[in-house]
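Protein chains: 4
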Amino acid sequence: MARSDEQPRPDLGKSYTATRSLTLDLAAPLSDADATLQPHPDASPAKWHLAHTTWFFETFILRDHVPGYALFDEAWPFLFNSYYEGEGERHARACRGMISRPSLDEIRAYRAHVDAALLAALPGFAPEVRSLVELGIHHEQQHQELFLTDILATLHENPLDPVYMDGPAVAEGSAPPLGWTRHDGGEVEIGDDGTGFSFDCERPRHPTLLQPFEIADRLVTQGEWAAFMQDGGYSTPGLWLSDGWAWVCDNKVESPLYWACEDGHWTRFTLSGRRAIEPALPVTHISYYEAEAYARWAGARLPTEAEWEAVFGNADAHAGNQLDAAAPVMPDGTPGPFGDAWEWTGSAYLPYPGFAPEEGTVGEYNGKFMCGQFVLKGASCATPRGHARASYRNFFYPQQRWQFTGVRLARNA
Amino acid sequence: MARSDEQPRPDLGKSYTATRSLTLDLAAPLSDADATLQPHPDASPAKWHLAHTTWFFETFILRDHVPGYALFDEAWPFLFNSYYEGEGERHARACRGMISRPSLDEIRAYRAHVDAALLAALPGFAPEVRSLVELGIHHEQQHQELFLTDILATLHENPLDPVYMDGPAVAEGSAPPLGWTRHDGGEVEIGDDGTGFSFDCERPRHPTLLQPFEIADRLVTQGEWAAFMQDGGYSTPGLWLSDGWAWVCDNKVESPLYWACEDGHWTRFTLSGRRAIEPALPVTHISYYEAEAYARWAGARLPTEAEWEAVFGNADAHAGNQLDAAAPVMPDGTPGPFGDAWEWTGSAYLPYPGFAPEEGTVGEYNGKFMCGQFVLKGASCATPRGHARASYRNFFYPQQRWQFTGVRLARNA
Amino acid sequence: MARSDEQPRPDLGKSYTATRSLTLDLAAPLSDADATLQPHPDASPAKWHLAHTTWFFETFILRDHVPGYALFDEAWPFLFNSYYEGEGERHARACRGMISRPSLDEIRAYRAHVDAALLAALPGFAPEVRSLVELGIHHEQQHQELFLTDILATLHENPLDPVYMDGPAVAEGSAPPLGWTRHDGGEVEIGDDGTGFSFDCERPRHPTLLQPFEIADRLVTQGEWAAFMQDGGYSTPGLWLSDGWAWVCDNKVESPLYWACEDGHWTRFTLSGRRAIEPALPVTHISYYEAEAYARWAGARLPTEAEWEAVFGNADAHAGNQLDAAAPVMPDGTPGPFGDAWEWTGSAYLPYPGFAPEEGTVGEYNGKFMCGQFVLKGASCATPRGHARASYRNFFYPQQRWQFTGVRLARNA
Amino acid sequence: MARSDEQPRPDLGKSYTATRSLTLDLAAPLSDADATLQPHPDASPAKWHLAHTTWFFETFILRDHVPGYALFDEAWPFLFNSYYEGEGERHARACRGMISRPSLDEIRAYRAHVDAALLAALPGFAPEVRSLVELGIHHEQQHQELFLTDILATLHENPLDPVYMDGPAVAEGSAPPLGWTRHDGGEVEIGDDGTGFSFDCERPRHPTLLQPFEIADRLVTQGEWAAFMQDGGYSTPGLWLSDGWAWVCDNKVESPLYWACEDGHWTRFTLSGRRAIEPALPVTHISYYEAEAYARWAGARLPTEAEWEAVFGNADAHAGNQLDAAAPVMPDGTPGPFGDAWEWTGSAYLPYPGFAPEEGTVGEYNGKFMCGQFVLKGASCATPRGHARASYRNFFYPQQRWQFTGVRLARNA
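If you read the sequences in order, they're chains B, L, U and H.
Reading the first sequence from the start, the letters are residues 1 to 413 in the working numbering.
Reading the second sequence from the start, the letters are residues 1 to 413 in the working numbering.
Reading the third sequence from the start, the letters are residues 1 to 413 in the working numbering.
Reading the fourth sequence from the start, the letters are residues 1 to 413 in the working numbering.
Bound conformation, chain B alone (with noise of 0.2 angstroms):
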């Protein structure tokens, strides 16, 4: 959220306008059986992403700033309530599939009342207010992101490989050598540098020390993955962490995610469809153990959170990092700094020293989950134009992987 002692920007109707009616281009190609069920525990609906960053708006802003506004349906708070305690009891996550009604086309119909009710009001909101409504836009961006890796998840699950949207041809050809930046090390500071938005957890801005390293130019690809697998990557215990040896064996890890082989050849399920493997793109898909394997086996390591912002501080996601319904939603490979997909670092996901989460229920946003989970940095090709900021602290599970997540290498000077 906004600092409080900052100018409200001027644009916020014109800001929860586009993000709101981009969620909605999003669900454009879904039919509402399509919209309705949920891949694994640890995705959601898209219906369900459409029905909670509603709610959230309902919630936080027009129950509990808007006097008289009555609740769309008194039923569904319990529904579309995500994981906010201080909003009492909610649907079970691991349930949200079995929600065949409300439908799509009901869902749309809240999303719009609550629109005219909240763009009806803005206009008379208190800066703290506005703040909340910029948090609300942010958090629906990152639904965004969410609704985009949870539909290629349930896409996934359907035998008949089912598209999203089109996209482009495939694209062959390797990538180039990969570079080396160095960087002297020294203190430096990280964290949200007060000029735009930010989240609770990229505060406050510290000072921290590094050692002396290099970091890669660019992210490691598809090609360069296939020769890690080639190479016995999945079945030499000795380059792996022990809990994710053991996540291998359980699980018969031996690709990333959405990857298959048939007749000796590796493809990929995308929101395109199956495609075949594109060595000169982005390997994406992987999970934290898999990252920090790969990175054992090159010769290298995974940068950590300082290390990353240090050299990516004044750098923006590049061009190629926008969204939108007839975009293709795939790694571009173009050049740029950073952006066609989220980048484990080493660094677990705790709180930044003199951390502080935000008042009242939104503080739950962030600081609970400080805890198990690692930093990813950076943006992909799915996160939304305008939501990707160096600063950001992205954040999974290190098995987790159905994320548009990469890796860059790391290494110490």
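A hint or two may mislead.
Remember, identical chains collapse to one label, so a pair may be satisfied in a single copy or spanning two.
[As the list claims (entries may be wrong)] Lysine to aspartate or glutamate pairs mimicking DMTMM-like chemistry, simulated, CA-CA at most 20 angstroms apart:
| no. | residue 1 | residue 2 |
| --- | --- | --- |
| 1 | K252 | E89 |
| 2 | K14 | E128 |
| 3 | K14 | E189 |
| 4 | K14 | E358 |
| 5 | K252 | E85 |
| 6 | K252 | E262 |
| 7 | K252 | E157 |
| 8 | K14 | E157 |
| 9 | K252 | D231 |
| 10 | K252 | D105 |
| 11 | K14 | E359 |
It is worth saying that the hints were derived from the structure and are not from the lab.
Add chains L, U and H to chain B, keeping to what the hints say.
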């Protein structure tokens, strides 16, 4: 399947059309999303039932007996084979609910395609193929009942208590006192008597010996079940089989399935939504364990399948036992020998002496399930008209209760 | 339990002493640690068997019928009650193997204490108490067999293949060809004939009707089983019950329990350690699923319990059927009607017509297990001398195979 | 391992003998059966600890560095390798408790054999081999602590509450008020300072930046923990991390491990049996989740490992921190900087900048566990004398609490 030495019924095309049409009527109140969900691995999505029954006709009749027939879609048999090992690999049963595509409309088109092809070819079918058509009709009738039980289970997952179709007003009052009918025992014949269709497991008809016994003249009611609960039925281990008590404890069972208690008032979830308990109507959705424990509590026992058939062998399911999309699907409690709810017997589902499964892959229909399940006799409010007969052997595992299962008492004379 | 209208056997004290002594002999080769382990929840530690059988006498005889008897240790009944709900709370079955104290020696002292008290009081017991003593003796004999099967399971967990006691040289050669005995069917009587001890589940004796059938004159051998395996028995779904095939797949079953293959040679783990397959000896440690699939592969079926008893009703277990600490415990294959291995029947374990459990808590002995299990007839190499009889109804779940279970074929005549 | 550029300590043989002897002393109160059991997969049998520590010396020193040494038993390395992938296949960790043979006495003989061989060869060892001996001694000291925590877990499985060794009288009274020590932050150095033995994960010593903070002058006590419980600590989701609250709910946690409540009185199970709560003594056997929730409840937080080491870097574990078979093993609460219980920090167990694992298979000792665990600093009442040091990095998963784990509070200054 009808025995091959018998004349095919003249109205086979009419039966086919009526049955296929009824299935579509059952699906009419459902959205694509409703029809996609699978509430638990024992149940299947409505859409799957529509497609699987069609696959049965397409595979065992059109593909096998109509030269030149082309499959509607070559990828679909993998999705819609249920358990026929003879037909090769298939989609995992527990994952049937993750298939949002094909849509409900596409499956309706599949049905129309197969219906047209089958009706066109029907006049030329040899008697054994006509017998397979008859088997397919009865197969689809079984799935009509499963369709309803599975939709009930699906809608029950939704905290909003959705309604499949409206029902009659809640019945008040209590049932007449239980009466007992005596049978003198001795040698009786059970099994298919050759006057109509039967499944292979109902054959051969054979003699068996009975001891004198008495059987109740009606099913146990919801009101009587409430008395059992009130008397601590679910917390008295001495009433239960060992497996039953473990099931009660592991699952924290304290009422029939779909019953719930709020503020001291019990309700049950039905196809017409949540309703008050109706004391005069038969209790349904109970497991074998519960039926058996209730009988012990009542100083009685369950009838064996031979006892049941000795008593009801010449009776018809009562007039209320019909099913169409306009009828309420719930025990109607009108007088008549049977038909409100499937009646658990104390007999294991095992082969009759001399049993031989059907030839070919359809021989997997019944015989391979003869282990660990109990026989249920009669029919239920969800059984389609014309599908019930006294020799019918329905079968489920002792813990299963998502069917319309009830209990009729018996005792030694 | 012996019926109360019968004269108690005059040698009850002698029987008691002999049975109690044999149990101690069985334990002689074991260390305290050996006797403490529980290999899986179906089995129990040897120490537990020694204590539980003692608890049975202490509870149902000394505590209930000997005024002034003081429990050896008031905390022990909680540990050594098996499943008698009427005796209240007890230690969880699956946790029996976590009790290193009391030691084996302390349990021997417990046995001596109870033995002394019981033998002192025995002369004054009323007939119904003498009947309970007789029941306790047969109860302990059952546990002697379980003791051996559970020690086999325990030692099998140890990769070092430890030996319980030495066995004879490995038998070579093959069995004589299988012969068939015909029975004309008709009305036969089965169940306890009143000439000796029986459990309640063997009563009442009653008539039943049989169709003509044939039954094999010996058990299926290890050599024949190897042929079944060689012929793809474990990889042909059409041979298996549906539940059986799921069990094969889920557990990756490819041989009887305790068989292992190294460098193409099959061996089996026995109480005398790991041995080569002995082709002429009966196969043991097979599940109902395996027995049933084998029979189908062999073009036969399993006998029903009534068929089995109709044939063997007047036979005795053969002479080799004895058990003492000096004898090898393995199928001896000597000629004789039965006794090498328990024989799976195709009959579910259900109450005989008119069955009534024993009065009181000992009524939990059999009746509450009448669900989901199959009857096994005969006896095994581990059944103590004098415990076998033709009316005996042993029972296990279809997947269980840690007992000495085998298969005899039958077929319709 | 000691750095190779350092002089080996002159008293290596004496250290070796003392450590090996203490392990035997710890086992003296145990029966073979006690020493065989494994209470849960995180813990190991006492017998296994005795053998595994011996296997470590036999493998990495005698086998690798003493020409002509013959293994005591060639089958045993399979049983007693813990997790060293470089040593090949091994017995599954979760099955360590199913090995009744070899007996405790046979394992004592194994120890004697290896000790004799090692002490005979010790004078001729090169410095790097002497370093491995030193590593083995520290490895065995770690297992001495695990031995005690695992025996506690084992005896706790027994409803009879057995005693490992007698303890002192129950302490009454309450602790002195909590005081706070301030640290000004700034750049500090942490990690091994090169003055003694260290594990690889304590290296390299490196600078880090701290903000000003305060740290408590003693551990949280049992009395304070009781107040947390009384105040609803275990039923207030807002106090907990998200994973922690799920853990509380899934496991129905309502107190530290080993605490039990009967008739309103809380007790805890200890190595001296079940005891009353001792309010002045440190609380132990708490998970990271509990420590973190308690800190939030108390308006504080956990210290980071760098903060902890900045404060205690020059302190020694207090005098009470010793362990021999005659001493009570429980928090003694005597004044001193640390040593009663391991102190959870808020730092993930991750590599120090520049970390490199040891060469060879012993490099699996620490590095491969750097994922998902938290660092604990200090030492406990079960840590052997001489094994504690301020740079020590102990590590466990956030849900684990069978160690002697406690909590010390910190807060921002």
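Each hint, compared with the structure:
{"no.": "1", "hint": "K252 - E89", "in the structure": "between (37 angstroms within a copy, 18 angstroms between copies)"}
{"no.": "2", "hint": "K14 - E128", "in the structure": "within (18 angstroms within a copy, 69 angstroms between copies)"}
{"no.": "3", "hint": "K14 - E189", "in the structure": "neither (33 angstroms within a copy, 51 angstroms between copies)"}
{"no.": "4", "hint": "K14 - E358", "in the structure": "neither (25 angstroms within a copy, 58 angstroms between copies)"}
{"no.": "5", "hint": "K252 - E85", "in the structure": "between (36 angstroms within a copy, 18 angstroms between copies)"}
{"no.": "6", "hint": "K252 - E262", "in the structure": "within (17 angstroms within a copy, 24 angstroms between copies)"}
{"no.": "7", "hint": "K252 - E157", "in the structure": "within (18 angstroms within a copy, 25 angstroms between copies)"}
{"no.": "8", "hint": "K14 - E157", "in the structure": "neither (37 angstroms within a copy, 39 angstroms between copies)"}
{"no.": "9", "hint": "K252 - D231", "in the structure": "within (17 angstroms within a copy, 29 angstroms between copies)"}
{"no.": "10", "hint": "K252 - D105", "in the structure": "neither (40 angstroms within a copy, 38 angstroms between copies)"}
{"no.": "11", "hint": "K14 - E359", "in the structure": "neither (26 angstroms within a copy, 60 angstroms between copies)"}
In this structure, the hints that do not hold are numbers 3, 4, 8, 10, 11, in rising order.
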